[in-house]
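From first to last, the protein sequence lines are chains B and X. Each residue of the first sequence is one higher than the last, beginning at 1 in my numbering. Each residue of the second sequence is one higher than the last, beginning at 1001 in my numbering.
In short, the hints are calculated from the structure, not lab data. Don't take every hint at face value.
Stated by the list, open to error - Residues from chain B that keep clear of chain X, each with C-beta distances beyond 10 Å, as calculated:
hint: 1; residue: I11
hint: 2; residue: S12
hint: 3; residue: K16
hint: 4; residue: E17
hint: 5; residue: D18
hint: 6; residue: R50
hint: 7; residue: Q57
hint: 8; residue: Y64
hint: 9; residue: N67
hint: 10; residue: Q69
hint: 11; residue: T80
hint: 12; residue: S107
hint: 13; residue: T112
Stated by the list, open to error - Result set (DSBU-like, lysine-lysine): computed pairs, CA atoms no more than 30 Å apart in a straight line:
hint: 14; chain 1: B; residue 1: K38; chain 2: B; residue 2: K70
hint: 15; chain 1: B; residue 1: K38; chain 2: B; residue 2: K16
hint: 16; chain 1: B; residue 1: K3; chain 2: B; residue 2: K38
hint: 17; chain 1: B; residue 1: K70; chain 2: B; residue 2: K3
hint: 18; chain 1: X; residue 1: K1007; chain 2: B; residue 2: K70
hint: 19; chain 1: B; residue 1: K3; chain 2: X; residue 2: K1065
Stated by the list, open to error - Have a look at the derived ranges for each label pair, beta carbon to beta carbon:
hint: 20; chain 1: B; residue 1: V14; chain 2: X; residue 2: G1052; range: 51 to 59 Å
hint: 21; chain 1: X; residue 1: P1085; chain 2: B; residue 2: V24; range: 29 to 37 Å
hint: 22; chain 1: B; residue 1: S74; chain 2: X; residue 2: S1088; range: 32 to 40 Å
These figures come from a predicted structure and were not determined experimentally. Note that CB positions come from ideal geometry on N, CA and C, so glycine has one too.
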Amino acid sequence: AQKVTQAQTEISVVEKEDVTLDCVYETRDTTYYLFWYKQPPSGELVFLIRRNSFDEQNEISGRYSWNFQKSTSSFNFTITASQVVDSAVYFCALTFSGSARQLTFGSGTQLTVLP
Amino acid sequence: SAVISQKPSRDICQRGTSLTIQCQVDSQVTMMFWYRQQPGQSLTLIATANQGSEATYESGFVIDKFPISRPNLTFSTLTVSNMSPEDSSIYLCSVEWVQTGREQYFGPGTRLTVT
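With the rest of the complex left out, here is chain B (with noise of 0.2 Å):
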């Protein structure tokens, strides 16, 4: 069974302020991928990244980045220098290579960001 874990419900920041989101995540797979979704007060779920199991180096995008690590099972997303327009409900999510590639998703973390 696949699982997927974020521990933090909701982050408060200021303006300017780093923040990294945990996900901790579950899998028998050995070949899987991981996801990172935004979900904005508007509802619509925006796709951030997708990162197989094979590939483990870290990617930027630019205040965005992306920490994998399998020997924790952990899949941590960074925002940089925070701005309020980044104030969402985040969700890390799971699928693997089978048939069945629906998505396991984690609870999500409010994070706001305050001016």
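Keeping the supplied structure of chain B fixed, place chain X upon it in accordance with the hints.
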């Protein structure tokens, strides 16, 4: 990436009635998924809808309550039948974009309120 639209974007329905939600994709995709997001909660998969076969439902979801159609590779519908207030949720469809390797993109969601 795929462009996905859903209709209606929101609706308020009376108990005991049914609502059909449409999901349209601008490209042909094999796998489509329907998720439910109850207020303040994470996303839960309802079913996987592949063209040419019956939808596969997750535990806790049944075809009589959530019938799904998938007539072609760009379109699907989800019906929420005999609604009760507990069905008040956001319903989202998603597609797997194999061109870039297992990325899943979501529609804007249908916000349903049952009174």
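Hint check:
Consistency note on I11 (chain B): stated as away from chain X, and its beta-carbon is indeed over 10 Å from all of that chain's, at 16 Å minimum. At roughly 17 Å, the least C-beta separation between S12 (chain B) and chain X is larger than 10 Å, which holds for a residue marked as non-interface. Chain X leaves K16 (chain B) outside its interface by the beta-carbon criterion, the shortest separation being 28 Å against a cut-off of 10 Å. At roughly 25 Å from the closest C-beta of chain X, the C-beta of E17 (chain B) stays outside 10 Å, upholding its exclusion from the interface.
For D18 (chain B), the non-interface assignment is confirmed: its Cβ lies about 25 Å from the closest Cβ of chain X, beyond the 10 Å cut-off. A beta-carbon of chain X comes within 10 Å of the beta-carbon of R50 (chain B); the shortest separation is about 5 Å. For Q57 (chain B), the non-interface assignment is confirmed: its Cβ lies about 15 Å from the closest Cβ of chain X, beyond the 10 Å cut-off. Its beta-carbon lying about 16 Å from the closest one in chain X, Y64 (chain B) satisfies the requirement of being farther than 10 Å from that chain.
With a minimum CB-CB distance of about 20 Å to chain X, N67 (chain B) clears the 10 Å threshold, and the non-interface call stands. Look at Q69 (chain B): its CB is around 20 Å from the nearest CB on chain X, clear of 10 Å, so calling it non-interface holds up. In this structure T80 (chain B) is separated from chain X by more than 10 Å, as the shortest Cβ-Cβ distance comes to about 24 Å. Not every C-beta of chain X lies more than 10 Å from that of S107 (chain B), the closest at about 5 Å, which undercuts listing it as non-interface.
In this structure T112 (chain B) is separated from chain X by more than 10 Å, as the shortest Cβ-Cβ distance comes to about 15 Å. Using a Cα cut-off of 30 Å, the hinted pair K38 (chain B) and K70 (chain B) holds, with the two alpha carbons roughly 23 Å apart. For the proposed pair K38 (chain B) and K16 (chain B), the alpha carbon gap of about 19 Å is at most 30 Å, so the pair holds. With a CA separation close to 19 Å, the supplied pair K3 (chain B) and K38 (chain B) stays within the 30 Å bound.
Between K70 (chain B) and K3 (chain B) the CA atoms are separated by roughly 15 Å; this keeps the pair inside 30 Å, and the hint holds. At roughly 40 Å between alpha-carbon atoms, K1007 (chain X) and K70 (chain B) are farther apart than 30 Å, so this suggested pair is violated. Restraint check for K3 (chain B) and K1065 (chain X): the C-alpha separation of about 26 Å stays at or below 30 Å, so the hint holds. Here the CB-CB span from V14 (chain B) to G1052 (chain X) is close to 53 Å, well matched to the stated 51 to 59 Å.
Separated by about 34 Å at the C-beta atoms, P1085 (chain X) and V24 (chain B) satisfy the suggested range of 29 to 37 Å. Between S74 (chain B) and S1088 (chain X) the CB atoms are about 34 Å apart, so this pair conforms to the stated range of 32 to 40 Å.
Hints 6, 12, 18 from the list above are not met by this structure, while the remaining hints are.
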